[in-house]
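Sequences and hints are given; from them, build the entire structure.
Chain order of the listed sequences is A and B. In case it helps, full-length UniProt numbering puts the first sequence at residues 1 to 333. In case it helps, full-length UniProt numbering puts the second sequence at residues 1 to 333.
Any given hint could turn out to be false.
Copies of the same chain are indistinguishable here, so a pair counts whether it falls within one copy or spans any two.
Once the Cα atoms are required to be at most 25 Å apart in a straight line, the calculated DMTMM-like pairs of lysine to aspartate or glutamate come out as [what the hints assert, rightly or not]:
1. 237 <-> 282
2. 237 <-> 281
3. 237 <-> 65
4. 237 <-> 71
5. 257 <-> 206
6. 142 <-> 282
7. 16 <-> 319
8. 237 <-> 319
9. 237 <-> 254
10. 33 <-> 100
11. 237 <-> 56
12. 307 <-> 180
13. 107 <-> 34
14. 144 <-> 279
15. 326 <-> 71
These are computed hints drawn from the structure, not numbers from a lab.
Number of protein chains: 2
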Amino acid sequence: MSTTRTINLKNRPTGKPGLNDFEFTSTEIPELKEGEVLLKSEYVSVDPYLRGRMSDAPSYIAPFEVGKPIESGIVAEVLESKAENFHKGDHVLGALAWKEKQVAKAKGLMKVDENMAPLSAYLGILGMTGMTAYLGLTEIGKPKAGETLLVSGAAGAVGSIVGQIGKILGLRVVGIAGTDEKIALLKSKFGFDEGINYNTTKNMSEAIGQACPDGVDVYFDNVGGEISEAVLFNINKFSRTVNCGAISQYNNTELPKSISVQPFLVKKSSSMQGFVVFDYEEKHPAAIKQLAQWLNEGKLTYTETIKEGFENIPQAFLDLFDGKNKGKMVVKL
Amino acid sequence: MSTTRTINLKNRPTGKPGLNDFEFTSTEIPELKEGEVLLKSEYVSVDPYLRGRMSDAPSYIAPFEVGKPIESGIVAEVLESKAENFHKGDHVLGALAWKEKQVAKAKGLMKVDENMAPLSAYLGILGMTGMTAYLGLTEIGKPKAGETLLVSGAAGAVGSIVGQIGKILGLRVVGIAGTDEKIALLKSKFGFDEGINYNTTKNMSEAIGQACPDGVDVYFDNVGGEISEAVLFNINKFSRTVNCGAISQYNNTELPKSISVQPFLVKKSSSMQGFVVFDYEEKHPAAIKQLAQWLNEGKLTYTETIKEGFENIPQAFLDLFDGKNKGKMVVKL
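What follows is the structure, encoded as structure tokens:
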């Protein structure tokens, strides 16, 4: 029996995770059984939501087990198949373990086509990231042409897609990000109308008011925390906040406090709604189809940060919390 | 020209309003013109939302002017009419000034029938209060039979109706209130399954968990603040919070801080939505019809606290913030 390098969860981190919360081990590759395939990982997705699975707080998805491999979205090559319709050389997408090689049930894997889009795109714009952007914005944000869309974490994987979809749908789109370089990218590459650098802006609430002179109708919130507090002062009557993530608060060891949102919601007949992409599973095929169409029409573009090497997966994940990625962060093996 | 006693806004209060924010004056009663009626106030509604109108912060409804009369829902008798369809002796409901007598345009007044329900009911269960309960619960809470409904401010005017409607619709209903007497009333009179006295409960989050063993699906929030923080730990996946009010926070002079809701909303795919009853104006007739039907079928009951005397209107309003009312607070002149 041969073995493969594996990355396990070593500790449940308190606060910000570190390299010492991960453990490199060697695990055995079992015999291939009927209905299974042997896979070689090619691209590994690292995502902020994995932080939640490292804790054992109740969540929408089971926590990782200590001493067991981390899992995320992975594009892999089929090395050997005992499953119908899967052949050596195929590329597949699945929720797989952080292993160089692994045996997986074919059921639950989706074949992806290298000729239609680069393999890494299936972890990003045509994968969970793109669907999160599209379904969150359309299902919860309910954007209408002419309205103003504000996006936090705008230069991130989801945010940069949200902004582009907002423009396709005819909205004024304003993005919040943390460096001037990111702000420039928002405007030059992703077509945002305005950008606000939260690291160099003293009064965020005022800056949002200036960038959104008609107020905020849809707020696509990837970050939570102080930035989202500042947004509250600028929301319009009947505005919708899409709570996609709260990356600014995932590493807090105490429950973070913010300005109470309730009085703002009451005053403005305004809504906030959280979601995960799995809530809309029946809409995934239509979402992928729409995203692929816009991509092929040249209406959507995307950025990815590709790190290389199996051994760099944990660091790539940690870099997310320092805003070191532009767009989707992926590790190529 | 004769005069009438009038209550003006004297100051914009900071923090909790007091008697010295109101001013009793005498104002002239103008000549009756075509399309107008002369009214004698009979029942005056005092409501927490009036606190908002005493400030000049932007809100869903224009602020009162300093030196001008306060307005609220008032049932009045027609003393004289120069308007079609309105006759001496009719009873009408309208948004009227805190005056003993006044001239008002007939347009904007609704005739009410003393034989169908007591006059004060048109300020409560068949008025804004009842519609707020019914429309907030059904339009935003989207309750389903078998789910658990939690109501804060449960012994208040809106809360006690919300709970009863929840029972009519087949939900488990738990109420939060501030005295043992109120809790007893919730169960004996309004049919709540459980009640929690927040003044005698040390760990609210735990108490809510015990009273709602299947978690909270719909939270009808009249209070905001610490109570609503405790609820967050008990919300179910896809739960809906109806943000009807935040009375615990209206008198704060600084923006109150609470545990950040965003991580909870994201984890639970949960929503919060504020509203005012005016948002659903086209649904008001159907709402009143449904409420009147339930009332006549004996499925709905209500409590009101009736104070007497024009001079006691300001104190009745102030008493709302000390929880001195059971159900709808009304002043009879």
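Going through the hints against the structure:
1. Only between protomers do residue 237 and residue 282 lie at most 25 Å apart by alpha-carbon distance; the minimum there is 18 Å, versus 31 Å within a single protomer.
2. In this homomeric assembly, residue 237 and residue 281 come within 25 Å of each other (Cα to Cα) only across copies, at 16 Å, whereas the closest approach inside a single copy is 30 Å.
3. For the homomeric pair residue 237 and residue 65, the shortest alpha-carbon distance between copies (22 Å) is at most 25 Å, but the shortest distance inside one copy (44 Å) is not.
4. Proximity of residue 237 and residue 71 under a CA criterion of 25 Å is satisfied inter-copy only: 23 Å between copies versus 41 Å inside one chain copy.
5. For the homomeric pair residue 257 and residue 206, the shortest alpha-carbon distances inside one copy (21 Å) and between copies (20 Å) are both at most 25 Å.
6. In the homo-oligomer, the alpha carbons of residue 142 and residue 282 lie at most 25 Å apart both inside one protomer (18 Å) and across protomers (21 Å), since each shortest distance falls under that limit.
7. For a Cα distance limit of 25 Å, the shortest separation of residue 16 from residue 319 inside one copy, 11 Å, qualifies, whereas the shortest one across copies, 48 Å, does not.
8. Taking the shortest alpha-carbon separations for residue 237 and residue 319, neither the intra-copy value of 37 Å nor the inter-copy value of 30 Å comes in at or below 25 Å.
9. For the homomeric pair residue 237 and residue 254, the shortest alpha-carbon distance between copies (22 Å) is at most 25 Å, but the shortest distance inside one copy (32 Å) is not.
10. When the C-alpha separation of residue 33 and residue 100 is checked against a cutoff of 25 Å, the pair qualifies only within one copy, where the shortest distance is 19 Å, while the shortest distance between copies is 88 Å.
11. For a Cα distance limit of 25 Å, the shortest separation of residue 237 from residue 56 across copies, 17 Å, qualifies, whereas the shortest one inside one copy, 38 Å, does not.
12. Proximity of residue 307 and residue 180 under a CA criterion of 25 Å is satisfied intra-copy only: 23 Å inside one chain copy versus 62 Å between copies.
13. Taking the shortest alpha-carbon separations for residue 107 and residue 34, only the intra-copy value of 11 Å comes in at or below 25 Å, while the best inter-copy value is 79 Å.
14. Taking the closest pair of Cα atoms, residue 144 and residue 279 come within 25 Å of each other both inside a single copy (22 Å) and across two copies (19 Å).
15. In this homomeric assembly, residue 326 and residue 71 come within 25 Å of each other (Cα to Cα) only inside a single copy, at 22 Å, whereas the closest approach across copies is 55 Å.
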